[in-house]
Amino acid sequence: MSFEMPIEKWASAVNTVTIGATSEEGGTRASTVTVGGDTTLPFLDFEGKSPNRPAIAMEVLDMPPDEWPSPLAEALGGVCQDPGAWARKCVEEVGADMICLRLVGAHPERGDRSPEECAETVKAVLGAVGVPLIIWGCGDASKDNEIIPRCSEAAAGENCLLGTAVQDNYKTITAACMADGHKLITEAPLDINIQKQVNILVTDMGLDPSRIVMYQSTGGLGYGMEYAYSIMERTRLAALGGDKMLSMPMLAQVGSESWRAKEARAPDEAAPEWGPVAERGVIWEATTASCFLHGGTHIFVMWHPRAVELLRKTIDSLVSQEN
Amino acid sequence: MYTIGERINGMFKSVGAAIRERNPEPIHDLVRRQLEAGADCLDVNVGPASADPAEAMEWLVKTIREVTDAPLAIDTTKPEVMRKGLELAGPNSIINSTKGQQDQLDIFIPMAVEYQAKLIALTIDENGIPRDANGRSEIALRVVAAAMEKGLDPSQLMIDAVILPVNVTQETPGHVLETIRGIKLLSDPPPLTVLGLSNVSQGTQQRALINRTYLVMAIAEGLDAAIADVLDTELMDAMITAELLLNRAVYCDDFLKAYRSR
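Keeping their order, the protein sequence lines are chains A and B.
According to this note's numbering, the first sequence is numbered sequentially starting from 3.
According to this note's numbering, the second sequence is numbered sequentially starting from 5.
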């Protein structure tokens with residue numbers, strides 16, 4: 003008896019979203035990134051299509067990190083004083099598809115930088131690289147409501163991805179996004195129900211669902227990764243089943259979440275049995291990314307250049323040849 | 005849950021008058037309101053009073069097509085009127101309906117194949133409406149066999165187990181639920197199930213309450229589609245909630261709005 007591959011017929015697809023605008027499209031980007039459009043679960047190319055490769059963004063902070071484990075300091079320490087130089091290194095040396103600029107320096111308990119200073123940083127990074135930009139707030143709701151509109155305006159027409167809109171704070175960022183022609187990240191705390199609710203709230207304001215990317219506050223390896231994976235899987239199944247409020251592409255914050263783990267950071271003398279720290283963190287980050295790749299993540303925000311290389315190799319080995 | 009809006013029916017006074025006077029406005033209005041309320045498909049019935057039902061069907065379908073491409077369920081027992089409706093309605097239409105006796109199946113099954121339409125089959129045959137679930141399932145099985153023989157995939161079949169008013173035969177609602185459950189075992193893929201819901205409350209004082217309670221019960225048994233009054237907001241709310249409770253949609257606080265913004 004011959005084996006017949008069981009093929010699932012899906013009613014719907016993940017939305018296709020493009021980030022970045024070239025000069026013909028009213029921006030100044032040298033390249034754009036398009037993600038989504040999948041008509042099946044990840045990498046089931048016998049069943050449907052995933053027309054667009056997952057994209058790798060590398061994170062750039064607007065101020066040097068307080069405490070960096072040695073592998074990150076060695077790889078990026080030379081450029082971490084200057085967001086423009088940092089972004090350039092990520093694009094030119096590591097081949098990042100996008101830059102994710104996180105404005106941690108605006109946080110009242112960090113640098114408390116002004117909206118004007120943040121907008122200047124956005125312009126500096128846009129000037130330094132030609133790839134599309136993700137602009138991410140500092141995580142303090144009221145401060146983000148001050149800085150995001152200014153940064154959005156400074157990048158008007160560049161079709162950036164702005165983050166993040168959450169259930170209790172979505173109006174200002176959504177309005178800025180709509181006014182300046184950007185795309186929006188909606189965030190939920192590892193909760194598919196809240197994710198759907200935030201998407202309803204922002205689309206109720208008039209933002210088209212095709213301008214949204216979803217972000218479930220990622221849990222790294224050992225810290226909720228499997229939970230994040232199962233939510234991604236369920237979200238993808240809902241999208242394929244026709245749930246328009248869960249049909250947006252997904253983003254994962256892999257770098258920051260992976261390097262928070264003590265297993266990734268602990269110096270050699272603290273945990274000799276865990277193997278050399280020079281390898282450990284990179285593997286931690288690459289493993290987390292690989293898991294989310296299988297879960298259906300479309301945009302990866304990464305930190306370490308070698309983890310990016312490993313993720314890219316994994317994507318190469320999984321993406322079918324015709325893509 | 006696939007909903008078929010029942011309001012474009014010549015039995016309703018305003019629709020009957022619109023058909024007689026060839027007045028498109030009331031029809032356009034019903035099309036828009038039913039689609040906005042969440043109808044996936046619109047039933048089209050010229051009613052009993054038309055002197056020339058084929059001509060009336062032609063006008064009605066053309067009038068509907070002026071404002072929507074949504075699927076239509078052509079509702080008539082007359083083959084020539086059905087054919088006229090299907091020709092004008094285009095693909096993804098529904099034939100509403102055939103009975104289970106052979107002479108009718110010989111007409112409507114090939115018609116469903118020809119027009120790539122779904123076919124609603126009532127569990128009624130030359131002996132009338134069966135008294136229990138077994139009788140209904142027997143007719144359904146005969147219909148499925150006839151469909152497969154003539155090249156109509158069972159997934160294109162919608163079995164209507166014929167609900168009667170609860171104040172006429174009070175045991176029928178139970179029989180119909182039992183039939184809905186059993187139909188899923190008839191073939192692989194199984195045929196779909198559909199109900200002409202409003203019939204269950206015909207002539208009662210609490211029509212809306214009876215309709216929505218019975219719809220929820222039938223959904224729990226696996227009902228796939230209903231011909232119903234989609235303009236009844238509480239009915240639609242109950243349907244959306246029942247589907248949510250069966251894990252057919254992802255919960256969110258605004259789940260009613262989420263369904264309606266599909």
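Note that these hints are calculated values from the structure, not bench results.
Incorrect hints may appear among the rest.
Each computed SDA-like pair below joins lysine to any residue, with the alpha-carbon atoms no more than 25 Å apart [what the hints assert, rightly or not]:
| id | chain 1 | residue 1 | chain 2 | residue 2 |
| --- | --- | --- | --- | --- |
| 1 | A | K11 | B | D157 |
| 2 | A | K173 | B | S265 |
| 3 | B | K188 | A | A240 |
| 4 | B | K261 | A | V96 |
| 5 | A | K125 | A | V96 |
| 6 | B | K261 | A | A15 |
| 7 | B | K261 | A | L46 |
| 8 | B | K188 | A | V96 |
Checked hints:
no.	hint	in the structure
1	A:K11 with B:D157	holds, 16 Å
2	A:K173 with B:S265	holds, 20 Å
3	B:K188 with A:A240	holds, 24 Å
4	B:K261 with A:V96	violated, 44 Å
5	A:K125 with A:V96	holds, 22 Å
6	B:K261 with A:A15	holds, 21 Å
7	B:K261 with A:L46	violated, 32 Å
8	B:K188 with A:V96	violated, 56 Å
Checked against the numbered hints above, the structure violates hints 4, 7, 8; every other hint is satisfied.
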